[in-house]
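J.: Listed here are the chains, written in short residue letters.
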Amino acid sequence: MKKIEAIIKPFKLDAVKEALMNIGIKGMTVSEVKGFGRQKGHTEIYRGAEYIVDFLPKVKIEVVVSDEVAQEAVEAILSSAKTNKVGDGKIFIIPVEKAIRVRTGEVDKDAI
Amino acid sequence: MGLFKRTTLLGLLLLAIPSIAKAATPHIDSGDTAWVLISAALVMMMTPAGLALFYGGMARSKNILNTMGMSFVSYGIVSVLWVIFQFSLAFGADINGIIGNLKYFLLNTDINTVFKPTHVSVFAFAAFQLTFAAITTALISGSIVERVKFSSWVVFSIIWSTIVYTPLAHWVWGGGWLAKMGIADFAGGLVVETCSGIAGLVFALMIGTRRGFKKIAMPPSSIALTAFGAAMLWFGWFGFNAGSAISSGALASNAFLTTNTAGAMGAIAWMIMDWSVHKHPTILGFVSGAVAGLVAITPAAGFVNNAGAIVIGFIAGLISWVATGYLKYRLGYDDSLDVFGVHGLNGIWGMIAIGLFADPKVNFARGLIYGGSHQIIVQLIGVIATIAFVAAGTFISVKITSILTGGLRVDEEDEIRGLDIAIHTEKGFEL
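Residue numbers (the numbering used here), protein chains in the order written: chain A, 8 to 119; chain B, 624 to 1054.
With the rest of the complex left out, here is chain A (with noise of 0.2 Å):
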């Protein structure tokens, strides 16, 4: 099983759930967060007072699916969240060692 966090420009969540529902993908979590690649951030001026804001808003989106499936769902938010312009976001895979599902305590790929 991984794990796949994918880091995102918020106004595409929609386009990357769609496109990972579409490879059967039943759930998935999503958090805002704030930060900050390449890109920078940008300054924000209050009467002639610079700020330079560095951390940027975000969403993340976690999701565990098979080994099987792992490179599929890469390129289905891959696909569904680029912009070609800086900012976009990275994917990250990570192992996971064992899955739950806390209401019936089924294990691993029944689990997801």
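Source of the hints: derived by calculation from the structure; they are not laboratory data. Backbone N, C-alpha and C fix where the C-beta goes; we use that ideal spot for every residue, glycine too. Some hints could be false.
[What the hints assert, rightly or not] Listed next, with one range per pair, are the computed distances between beta-carbon atoms:
no., chain 1, residue 1, chain 2, residue 2, range
1, A, Glu51, B, Ala1014, 32 to 42 Å
2, B, Phe858, A, Ile98, 50 to 60 Å
3, A, Glu25, B, His903, 33 to 43 Å
4, A, Gly48, B, Pro904, 17 to 27 Å
5, A, Glu51, B, Val703, 33 to 43 Å
6, A, Lys24, B, Lys838, 33 to 43 Å
7, B, Lys838, A, Arg110, 24 to 34 Å
8, B, Gly831, A, Gln46, 32 to 42 Å
9, A, Val93, B, Tyr949, 28 to 38 Å
[What the hints assert, rightly or not] For lysine-lysine, the following DSBU-like pairs were computed, each having C-alpha atoms within a straight-line distance of at most 35 Å:
no., chain 1, residue 1, chain 2, residue 2
10, B, Lys838, A, Lys92
11, A, Lys65, B, Lys1050
12, A, Lys97, B, Lys838
13, B, Lys837, A, Lys67
14, A, Lys41, B, Lys685
15, B, Lys838, A, Lys65
16, A, Lys16, B, Lys1022
17, A, Lys16, B, Lys685
18, A, Lys16, B, Lys726
19, A, Lys97, A, Lys67
20, B, Lys902, A, Lys47
21, B, Lys902, A, Lys16
22, A, Lys47, B, Lys984
23, A, Lys41, B, Lys838
24, A, Lys47, A, Lys67
25, A, Lys67, B, Lys838
26, B, Lys837, A, Lys65
27, A, Lys24, A, Lys47
28, B, Lys902, A, Lys41
29, A, Lys19, B, Lys685
30, B, Lys837, A, Lys41
31, A, Lys19, B, Lys1022
32, A, Lys97, B, Lys902
[To be verified] So these bits of chain A aren't anywhere near chain B, every CB distance computed over 10 Å:
no., residue
33, Glu12
34, Pro17
35, Arg54
36, Gly55
37, Leu63
38, Ala118
Put chain B on the given structure of chain A with help from the hints.
T.: Positioned in the frame of chain A, the structure of chain B alone reads:
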């Protein structure tokens, strides 16, 4: 207040012609009274609504309530002191050009008494002037928000409005020495704007900068609130300036329109600077420019025409844009919400502008471009005297306040936590 001198001259003329003098016996005019009372209500709104929102929105969200509260509490304090003795000291019979007497103590006078040479009662005039005394005091708070103790602010409001505002109002409007010299200050270029701006700067220098000034970001809590506050100030300013004619006639109409023209021009000037230099037309800049233009036209509204108002407003926007964006950081004083940069400097500019642009067809003053050279000298004397008097008076007020309240500043922990919770146990937002 231009009307005073004009009416005085008229009165002297009428005395020479007994039959006309009889017709001009002071009386209460219902039209003038209606306009002055409405104006008083408009100006009242400028403090606890207009200024409170304008300032509150610019303060950080942890200090928004404290900032608004400072406007509110000054309004309350001056409202009471004014009817007890401040109005009398400002507008009672003149003593040596320095101060008024106590003939209106507690406003204990017949309600039908006419405030000469106007055609409104002493009460209508006192109510209108009350709102000026209150907003001038409240304006100073913008220089020292986010670090001053609330108790110190309360004590300062009491002392300062008594020993600085009241005598200055007498000098300029109450028949004092500047009035006798022929100073032209229609609605408070000296009395309100220069006065609050200099007081703010002096207090800011004495109390010191906010922790983190020039090092950490201090973003406004809500520019939306600030913009709304500025709109209310602009609206109230019609009462402020057009009401200062103390009559509902032609002079009030001139003041009404020049006020609007200069406010709009100030906003446009600031926008042009922001857009061309910083590449973005900021809304905080637009509304700040409007206030700058309104400040500068305040003394001049009843002396200049609309062409003059366009120039005054445009230069006002430029002055404040430079002062708030460059001067403040270069010189290192923390005038938190730019009372000196917006009010002080443009009060001075507006006073000088009268000496340049006063149109003799509007009122008694004649500016340089209309061939008059005398007025600008009187205006400069007024400006210099006001700066010196207000700086000294404010210094004394702050020193006494500091002694009475055991220091001026909140402690470090409270300043970092925010004054809303630390002092008032309230939050402005629960988001």
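J.: For each hint, tell me whether it holds in the structure or not.
T.: Cross-check of the supplied hints:
Restraint check, Glu51(A) to Ala1014(B): a C-beta distance of roughly 34 Å satisfies the suggested window 32 to 42 Å. The hint said 50 to 60 Å for the Cβ distance between Phe858(B) and Ile98(A), and at roughly 53 Å that hint holds. At roughly 35 Å, the beta carbons of Glu25(A) and His903(B) sit within the given window of 33 to 43 Å. Here the CB-CB span from Gly48(A) to Pro904(B) is close to 21 Å, well matched to the stated 17 to 27 Å.
For the pair Glu51(A) and Val703(B), the supplied restraint of 33 to 43 Å holds, since their beta-carbon distance comes to about 42 Å. The given range of 33 to 43 Å is respected by Lys24(A) and Lys838(B), whose C-beta atoms sit roughly 41 Å from each other. For Lys838(B) and Arg110(A), the Cβ-Cβ distance of about 52 Å falls outside the hinted range of 24 to 34 Å, so the restraint is violated. Checked against the hint of 32 to 42 Å, the pair Gly831(B) and Gln46(A) passes, with Cβ atoms roughly 38 Å apart.
The hinted range of 28 to 38 Å is satisfied by Val93(A) and Tyr949(B), whose Cβ atoms lie roughly 32 Å apart. Taken as a hint, the Lys838(B) and Lys92(A) pair is honoured in the structure, with Cα atoms around 32 Å apart against an allowance of 35 Å. At most 35 Å may separate the alpha-carbon atoms for a hinted pair to count; Lys65(A) and Lys1050(B) meet this at roughly 28 Å. The suggested pairing of Lys97(A) with Lys838(B) holds, with an alpha-carbon distance near 32 Å, which does not exceed 35 Å.
Of the supplied pair hints, the one linking Lys837(B) and Lys67(A) holds, its CA atoms being roughly 33 Å apart against a limit of 35 Å. For the hint pairing Lys41(A) with Lys685(B), the CA-to-CA distance comes to about 22 Å; that is within 35 Å, so the pair holds. With a CA separation close to 26 Å, the supplied pair Lys838(B) and Lys65(A) stays within the 35 Å bound. A hinted pair counts as satisfied when its Cα atoms are at most 35 Å apart, and Lys16(A) with Lys1022(B) does not qualify at roughly 55 Å.
Of the supplied pair hints, the one linking Lys16(A) and Lys685(B) holds, its CA atoms being roughly 30 Å apart against a limit of 35 Å. Simply put, Lys16(A) and Lys726(B) have alpha-carbon atoms about 71 Å apart, too far for the 35 Å limit, and the pair is violated. Taken as a hint, the Lys97(A) and Lys67(A) pair is honoured in the structure, with Cα atoms around 10 Å apart against an allowance of 35 Å. A C-alpha spacing of about 19 Å is found between Lys902(B) and Lys47(A), which places the hinted pair at or below 35 Å, so the restraint holds.
For the hint linking Lys902(B) to Lys16(A), the alpha-carbon distance of about 25 Å falls within 35 Å, and the restraint holds. Pair hint Lys47(A) plus Lys984(B) does not hold up; C-alpha atoms about 59 Å apart against a cutoff of 35 Å. This hinted pair checks out: Lys41(A) and Lys838(B) have alpha carbons roughly 22 Å apart, not beyond 35 Å. Note on Lys47(A) and Lys67(A): the hinted pairing holds, with a Cα-Cα distance of about 18 Å set against a maximum of 35 Å.
With a CA separation close to 31 Å, the supplied pair Lys67(A) and Lys838(B) stays within the 35 Å bound. A hinted pair counts as satisfied when its Cα atoms are at most 35 Å apart, and Lys837(B) with Lys65(A) qualifies at roughly 28 Å. For the given pair, Lys24(A) sits about 26 Å from Lys47(A) by alpha-carbon distance, which is consistent with the 35 Å threshold. At most 35 Å may separate the alpha-carbon atoms for a hinted pair to count; Lys902(B) and Lys41(A) meet this at roughly 26 Å.
Between Lys19(A) and Lys685(B) the alpha-carbon distance is near 33 Å, which keeps this suggested pair within the 35 Å criterion. At roughly 24 Å between alpha-carbon atoms, Lys837(B) and Lys41(A) fall within 35 Å of each other, so this suggested pair holds. A hinted pair counts as satisfied when its Cα atoms are at most 35 Å apart, and Lys19(A) with Lys1022(B) does not qualify at roughly 59 Å. Only pairs whose Cα atoms come within 35 Å are accepted, and Lys97(A) paired with Lys902(B) is accepted, the gap being roughly 31 Å.
No Cβ of chain B approaches the Cβ of Glu12(A) within 10 Å, the least distance being about 28 Å, so the stated non-interface status holds. With 10 Å as the threshold on Cβ separation, the claim that Pro17(A) sits away from chain B holds: the shortest Cβ distance comes to roughly 18 Å. Residue placement check: Arg54(A) does not keep its beta carbon more than 10 Å from all beta carbons of chain B (closest about 5 Å). Non-interface call for Gly55(A) relative to chain B: violated, since the shortest CB-CB distance, roughly 2 Å, does not exceed 10 Å.
Chain B leaves Leu63(A) outside its interface by the beta-carbon criterion, the shortest separation being 15 Å against a cut-off of 10 Å. Non-interface call for Ala118(A) relative to chain B: holds, since the shortest CB-CB distance, roughly 36 Å, exceeds 10 Å.
Taken one by one, the earlier hints fail for this structure at numbers 7, 16, 18, 22, 31, 35 and 36, listed in ascending order.
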